[in-house]
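Now for the letters of each chain:
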Amino acid sequence: MKLFTHNMLTSKMIKNVKVGYPLKLNAAEVKVTPSEFRSTYVSRMLPKIDWGVLYEATQSIGHAEAIPSSISDDYEKNEDFLRKAHHALFEIEVINGEMICPETGRKFPIKDGIPNMLVNEDEVN
Amino acid sequence: MKLKELESWLTRCEGFKKPKVKLEQYATSSHVAARMLYAAQENIEGASVCDLGSGCGILSIGSVLLGAQYVCGIEVDLDAINIALENYDEFFDEDDEPSPLDFINAELTISEGDNEDCCSRFNSTFDVVVMNPPFGTKNNAGIDYAFLQRALKLVHPGGRVYTLHKSSTRDFFKKKLTKSIEEFGCAVKGEVLAEVRYELPKTYKFHKEKTLDIAVDFWCFQKQLGSDTN
Ligand SMILES: C[S@@+](CC[C@H](N)C(=O)[O-])C[C@H]1O[C@@H](n2cnc3c(N)ncnc32)[C@H](O)[C@@H]1O
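Residue numbers (full-length UniProt numbering), protein chains in the order written: chain A, 1 to 125; chain B, 1 to 230.
Check the hints yourself; a few may be wrong.
Estimated spans, in silico, between C-beta atoms of each pair [as the list claims (entries may be wrong)]: (1) A:Asn125 to B:Ala141: 18 to 24 Å; (2) B:Phe92 to A:Arg44: 42 to 48 Å; (3) A:Asp73 to B:Ala141: 34 to 40 Å; (4) B:Leu78 to A:Thr33: 18 to 24 Å; (5) A:Val53 to B:Lys2: 39 to 45 Å.
Calculated from the structure, these hints are not laboratory results.
From the three backbone atoms N, C-alpha and C, an ideal C-beta is built for every residue, glycine too.
Work out the full structure: start from the sequences and follow the hints.
If you want it as structure tokens, here you go:
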């Protein structure tokens with residue numbers, strides 16, 4: 001699971017959960033695979049990203065140096081920054097681990113790179 | 001990529017081993033999948049693609065073959081995701097090969113109303129949704145339309161949804177399109193790009209033939225610019 005995907009997932013479907021975001025990330029196994037860098041694509045995606053959550057995620061899975069703590073103001077012109085953002089969003093993958101709902105503590109396992117977001121009927125609204 | 005080439009690649013994709021009837025698990029044939037993706041090709045290359053109800057992954061994998069930058073398959077059934085991963089390995093077997101593909105094992109909320117699910121933050125993010133939704137033939141009438149509504153939320157204004165729906169619902173969909181702001185929360189244009197024959201596997205004992213041949217429309221919907229309310 002890429003950190004881009006983590007940046008999007010919530011536990012909002014659980015009963016009484018108000019925001020369900022961000023999901024706390026714990027990783028037992030992390031893999032880095034290179035992927036093609038397209039600067040226009042990354043700068044197009046950045047407005048969708050919660051940078052603070054991405055930064056926190058890189059910290060919590062042992063890639064503390066991957067990105068700066070705040071987003072660059074001129075990122076569209078800053079290729080060095082975009083490359084780092086690309087690396088964090090699309091190249092660092094959590095293979096095994098879990099995500100935790102910030103409000104209920106409900107755990108969502110990640111196995112073989114697949115996050116399991118399934119919930120039981122009695123957990124949802 | 002040429003259509004023939006794409007189709008011959010996609011023939012390598014295996015379908016469901018034990019299809020779950022309730023989930024309407026029938027795989028898109030390589031013939032149909034190749035034509036869908038070929039029509040979407042110029043919008044898929046370098047783009048982000050979502051496959052709703054990705055099943056054994058033929059549409060997700062085809063999107064990767066066409067150079068998508070990020071592909072997200074959302075599927076409720078882990079058995080299907082595992083087949084999709086095996087299929088994927090048929091194409092890209094090196095472990096360090098770049099993979100733009102992520103699967104999420106989740107159940108999309110497709111009931112009426114605006115119930116959020118784990119994927120709602122993806123709204124207005126994708127360039128393209130490709131899907132072959134359940135047709136709604138298993139006591140779940142309307143699920144095909146609910147999938148479409150969901151897909152239109154997931155694409156950004158200007159984004160497109162490539163999808164299959166029974167031809168018998170064409171007039172219904174056309175009517176919905178005339179009041180798209182009400183129905184989808186945004187202005188939407190749609191057209192039927194092709195009518196295809198589709199073989200549904202026999203699932204009822206009283207079906208004499210092994211398969212049921214039905215007419216299916218291949219639609220392209222586009223969320224219009226400046227009309228986003230998500
Ligand atoms: C007709 S099959 C298509 C499979 C695959 N996309 C293909 O083209 O071969 C529909 C898929 O949607 C999945 N599905 C049905 N309801 C779902 C839901 N609520 N959330 C996620 N997936 C769902 C089923 O498990 C099935 O794999």
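Exercise. Any of the earlier hints contradicted here, and which numbers?
Worked result: Per hint list: 2 and 3 violated.
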